[in-house]
Every structure is written in structure tokens, then in C-alpha cells.
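Participant: The numbering used here puts the first residue of the sequence shown at 43, with every later residue one more than the last.
Misleading hints may appear alongside valid ones.
Cut-off 16 Å, straight-line C-alpha distance, at most; resulting in silico cross-link-like pairs (EDC-like, lysine to aspartate or glutamate) [unchecked claim]: (1) 104 - 72; (2) 50 - 72; (3) 49 - 72; (4) 66 - 55.
Calculated from the structure, these hints are not laboratory results.
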Amino acid sequence: MQSYTFKKKTIREDKIGSIEQLEKIEQTADWLWIDFEDPSKKDFELLSKILKEDPNIIDCIKKLKPLQECKIHHIYHMISAAIVNSPENFQVQQIFIILKENQLLTVRTLLSSRLFENLIQKLKDGKALRKLYNPSYIVTEILVEIANQNL
């Protein structure tokens with residue numbers, strides 16, 4: 043799992059392997075984006091600790107089942123968005139986007155790698171206005187990238 047730490051107008055990239063490491067990184071950040079690309083069993087355990095949620099939600103994410111509506115919990119909001127690989131293969135996968143306090147969490151498969159690489163490169167290059175770097179802005183950019191890929 044990858045994290046992107048936003049502090050003032052800078053972005054730092056780290057790999058996270060434990061809840062302790064995550065807590066340490068959180069202390070230095072204004073806010074944090076945690077990206078679970080093709081999550082392992084260990085990643086799902088960490089996600090469960092972060093969300094403090096019942097296993098049904100984690101199971102829904104594991105099975106990549108689309109959400110029919112935004113899930114609102116007392117500590118987070120969660121939506122899912124579908125991404126289509128290509129018209130020829132027509133593989134549809136879900137990307138889960140979770141907003142929690144000063145955290146943005148994304149859970150996705152390898153199918154969306156190019157989409158996220160484009161977004162992260164745009165952020166690093168400063169093509170986006172750095173003053174707008176906040177969780178809502180990143181969610182908007184993710185949805186724009188999904189729409190562009192699905193065209």
C-alpha cells in the first residue's frame with residue numbers, strides 16, 4: 043500500500059506496512075491519501091483497523107461489489123466508481139473512494155494503475171494548483187480520470 047502525505051504544498055510518497063507506521067506518517071501530515079492497489083490480506087486487515095468497521099463493508103470491498111449509494115458512517119463516507127478496461131475486453135472493476143477526517147483512502151485493482159499513475163504524475167508535476175490539494179480535490183480528479191478512461 044502506498045501513501046501520499048500532503049504537508050503545506052508538498053507531496054511525499056511512502057510505502058506503509060503497519061498501523062504504527064501509518065500513525066507515525068499521519069503525525070507529520072496535514073492530510074494523507076492511502077492507496078490500496080490490488081490489496082493483500084494484510085492490507086485488508088490494515089484497512090479494517092483504519093475504518094473500525096464491521097466485516098460486511100470490508101467483505102463488500104474485497105469482492106469489489108459496487109455500492110448502490112454513498113455509505114455514510116460516523117467516521118467516513120464511501121462511494122464506488124466503475125472503471126472499464128477497454129471496449130474490446132469490457133472488464134468492469136470498482137474503485138472504492140473513502141473520505142475519513144484528514145484521510146482519503148482508495149481501494150482498487152491493477153486495472154486502474156494507468157489512471158492513478160496519470161493523476162499522481164499530474165500532482166507531482168504541479169500541473170494542478172497545489173493550493174487546491176485537499177481530499178475533495180483529489181476525489182474530483184479521480185472521478186475525472188475515471189470518466190476520461192471510460193469514454
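Participant: Next, verify each hint and record whether it holds.
Facilitator: Structure-based check of each hint:
no.	hint	in the structure
1	104 - 72	violated (29 Å)
2	50 - 72	holds (7 Å)
3	49 - 72	holds (5 Å)
4	66 - 55	holds (14 Å)
Hint check: a violation occurs at hint 1 only; the rest are consistent with the structure.
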